[in-house]
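K.L.:
What follows is the residue order along each chain.
Protein chains: 2
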Amino acid sequence: MLKHNFSAGPCILPQEVFKKAAAAVLNFNDLSILEISHRSKDFVSVMEKAQSLALEHLGLTGKGYKALFLGGGASMQFLMVAYNLLEKKAAYLNTGTWADKAIKEAKMFGEVIEVASSKADNYNHIPKGYVIPEDVDYFHFQTNNTIFGTQMQYTPDVSVPLICDMSSDIFSRQRDFEKYDLIYAGAQKNMGPAGTTLIVVKEDILGKVSRQIPSMLDYRTHISKDSMFNTPPVFPIYVSMLTLEWLKENGGIDAIEKLNNQKAALIYNEIDRNELFNGFVKEKEDRSAMNATFVLNDSAHTAAFDAMWKEAGINGLNGHRSVGGYRASMYNALTLESVQTLVDVMQQLEKNA
Amino acid sequence: MLKHNFSAGPCILPQEVFKKAAAAVLNFNDLSILEISHRSKDFVSVMEKAQSLALEHLGLTGKGYKALFLGGGASMQFLMVAYNLLEKKAAYLNTGTWADKAIKEAKMFGEVIEVASSKADNYNHIPKGYVIPEDVDYFHFQTNNTIFGTQMQYTPDVSVPLICDMSSDIFSRQRDFEKYDLIYAGAQKNMGPAGTTLIVVKEDILGKVSRQIPSMLDYRTHISKDSMFNTPPVFPIYVSMLTLEWLKENGGIDAIEKLNNQKAALIYNEIDRNELFNGFVKEKEDRSAMNATFVLNDSAHTAAFDAMWKEAGINGLNGHRSVGGYRASMYNALTLESVQTLVDVMQQLEKNA
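Those sequence lines, one after another, are chains A and S.
Sequential numbering from 1 applies to the first sequence in full-length UniProt numbering.
Sequential numbering from 1 applies to the second sequence in full-length UniProt numbering.
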């Protein structure tokens with residue numbers, strides 16, 4: 001088995017989650033989890049537990065939010081956000097490829113004000129000093145940009161509904177979650193396998209646009225049916241529930257944030273110290289604790305480095321094609337030991353050079 | 001373990017598929033299938049194999065069709081079909097709850113001509129003798145109605161594009177698949193677990209509506225990216241591929257259709273012979289080989305019958321709330337032995353009465 005999976009997503013999940021998931025495929029209350037009815041009490045209780053754990057981890061229980069687990073991916077949310085919330089105009093921050101795609105979809109539904117963009121710099125930093133107009137229907141942004149390895153370290157102060165794609169750093173660190181009106185996240189980073197998307201939405205922001213919304217795209221449809229309007233992606237939701245349970249058993253977001261900060265410090269210290277490497281992100285304050293992007297200063301070392309990390313049992317270290325180099329994705333389930341293994345390889349390369 | 005799973009869907013899959021799926025959760029080329037990148041060559045080959053097997057089983061390889069495995073469920077297709085194909089008006093046949101929902105969504109995009117409906121009779125038959133106008137953008141119908149246990153035994157002859165929801169009987173019997181321009185099916189009956197939907201579409205019917213289509217709802221987006229525009233539901237697609245492989249190893253649709261007909265004959269003969277029971281579907285020719293719906297003529301036997309089939313290891317026999325009584329769903333992976341077990345229980349009840 002490859003021990004050190006640095007994949008950008010779908011990505012590593014806790015080993016005990018894999019074991020429980022495999023066991024449930026063979027036997028989950030006398031049936032396979034793959035053949036149970038989504039209306040069975042066994043699955044209804046999985047769905048309820050996944051929803052309540054998601055709200056609990058975010059500190060949003062009893063505060064007017066609903067948690068939904070839908071199919072379709074976060075890309076479907078680019079569309080659903082605009083369909084449900086964009087009446088006249090909305091403000092978007094353009095911090096990466098996915099932000100750019102969200103903006104493209106929203107433009108079909110109204111005016112989009114791009115408050116700032118780092119696109120011209122290949123998204124190597126998070127824009128600063130932008131102004132969010134007060135007359136927009138909402139402000140939309142991404143907390144973490146997997147491809148480029150940047151992360152917003154703060155929550156913007158706004159007077160309009162705050163809508164956020166947290167696909168690649170949800171449940172990895174604390175934020176002032178109560179400031180958000182709608183949070184969405186594809187499962188396949190810190191929450192579960194590919195195939196479901198979590199939406200946490202404050203009910204009182206819905207029902208304010210004048211357009212007719214198709215049933216499947218209307219958040220109110222899914223809220224009214226407790227996320228069971230149609231057959232949900234049963235197994236991805238079950239594995240998400242297992243992962244949220246694992247997070248709770250291991251101290252929740254507070255504990256995992258400390259570990260994630262240790263992992264990030266370990267790799268970034270090495271990138272800064274080791275003269276063979278250079279970080280991709282321009283400003284240190286914008287560096288992501290989830291995805292560390294870096295390059296070899298001299299491509300002459302590429303073949304040796306690639307052979308060495310593969311030999312060490314590391315997987316998924318190649319950077320995204322639009323950035324190149326390397327990307328160490330360090331989601332919740334990746335251990336400090338895995339990051340240390342990578343750092344050891346980087347140091348060994350330096351010694352050999 | 002419950003041996004005889006008659007669930008209406010999600011439903012039984014082949015036991016060897018469960019075993020292979022569980023093994024892949026633990027180890028799929030040295031990683032868990034749940035943690036591999038969808039861009040990895042291992043998963044790209046899963047996707048390609050699932051697509052080619054789907055087309056091969058339907059006899060549509062090399063005939064201008066593309067196979068897509070998307071998230072979101074068949075309910076999303078009610079919307080996507082209309083978004084992509086409905087310019088002015090479309091014709092729909094109303095044979096059940098899901099047909100009714102498809103009609104509701106299509107009405108947002110244009111005029112819908114309901115060519116016939118059995119709604120007033122609680123969908124206990126398939127309407128006959130209807131006329132499909134020649135000036136519509138397409139004709140849409142469902143082949144099988146899970147809730148009511150009816151099934152279309154023929155393919156309508158039309159001069160307009162033929163669009164079909166085959167969610168509950170795809171891969172269970174031969175049809176003249178080449179007559180269809182777009183077939184869709186939620187995986188969770190004969191193809192795999194909940195969480196992905198197969199769309200088989202003839203490319204030349206696309207691109208003819210004037211409206212702008214959001215990226216995620218545009219079939220052309222997904223075709224242009226080989227069903228990988230965004231992160232697909234990796235595990236549901238993998239299990240679908242396993243199930244399509246199992247079908248091929250077991251003689252394909254021709255062989256399974258024979259078995260399905262044997263199973264259907266066994267249960268319907270008993271329903272007709274046993275005076276304690278009565279079928280729900282009005283016309284025998286409309287009976288579904290997938291879902292046999294029936295009631296006890298005297299509710300005094302209910303408690304005894306329910307206890308007996310549960311004792312026999314049968315699961316999921318309760319009818320849908322809108323029909324009541326019982327529903328024996330006999331998808332591809334359900335064995336003849338399971339149907340025989342149910343028939344034995346029905347006969348034992350008769351003896352005891």
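You may find that some hints are simply not true.
Pairs involving identical chains hold if they fit within one copy or between any two copies, as the list cannot separate such chains.
Said to hold, decoys possible - Here are the simulated lysine-lysine pairs, DSS-like style, with alpha carbons at most 25 angstroms apart:
1. Lys3 / Lys107
2. Lys104 / Lys225
3. Lys282 / Lys225
4. Lys66 / Lys225
5. Lys119 / Lys310
6. Lys208 / Lys107
7. Lys225 / Lys3
8. Lys208 / Lys104
9. Lys107 / Lys225
10. Lys208 / Lys89
11. Lys225 / Lys119
12. Lys41 / Lys3
13. Lys49 / Lys3
14. Lys20 / Lys89
15. Lys351 / Lys63
16. Lys225 / Lys89
17. Lys310 / Lys202
18. Lys20 / Lys3
19. Lys282 / Lys179
20. Lys310 / Lys284
21. Lys20 / Lys104
Don't read these hints as lab results, they were simulated from the structure.
K.L.:
Take the hints in turn and mark each one as holding or not.
P.N.:
Each hint, compared with the structure:
1. Lys3 / Lys107: Neither, since 43 angstroms and 52 angstroms both go past 25 angstroms.
2. Lys104 / Lys225: Classified as between: cross-chain Cα gap 18 angstroms, same-chain 30 angstroms, threshold 25 angstroms.
3. Lys282 / Lys225: Neither, since 46 angstroms and 32 angstroms both go past 25 angstroms.
4. Lys66 / Lys225: within (11 angstroms within a copy, 33 angstroms between copies)
5. Lys119 / Lys310: Classified as neither: same-chain Cα gap 32 angstroms, cross-chain 62 angstroms, threshold 25 angstroms.
6. Lys208 / Lys107: Intra 18 angstroms, inter 22 angstroms, cutoff 25 angstroms: intra and inter.
7. Lys225 / Lys3: This pair counts as neither: shortest intra-copy Cα distance 41 angstroms, inter-copy 31 angstroms.
8. Lys208 / Lys104: Both, since 22 angstroms and 22 angstroms are each at most 25 angstroms.
9. Lys107 / Lys225: between (29 angstroms within a copy, 22 angstroms between copies)
10. Lys208 / Lys89: Close inside one copy (13 angstroms), not across copies (29 angstroms); limit 25 angstroms.
11. Lys225 / Lys119: between (40 angstroms within a copy, 23 angstroms between copies)
12. Lys41 / Lys3: between (37 angstroms within a copy, 19 angstroms between copies)
13. Lys49 / Lys3: Answer is neither: 30 angstroms inside a copy and 28 angstroms across each miss the 25 angstroms cutoff.
14. Lys20 / Lys89: neither (46 angstroms within a copy, 50 angstroms between copies)
15. Lys351 / Lys63: neither (55 angstroms within a copy, 58 angstroms between copies)
16. Lys225 / Lys89: Neither way: Lys225 and Lys89 sit 30 angstroms apart in one copy and 30 angstroms across, limit 25 angstroms.
17. Lys310 / Lys202: Result: close neither inside a copy nor across copies, 45 angstroms intra and 43 angstroms inter.
18. Lys20 / Lys3: both (18 angstroms within a copy, 22 angstroms between copies)
19. Lys282 / Lys179: Answer is neither: 28 angstroms inside a copy and 57 angstroms across each miss the 25 angstroms cutoff.
20. Lys310 / Lys284: Neither, since 28 angstroms and 63 angstroms both go past 25 angstroms.
21. Lys20 / Lys104: neither (40 angstroms within a copy, 41 angstroms between copies)
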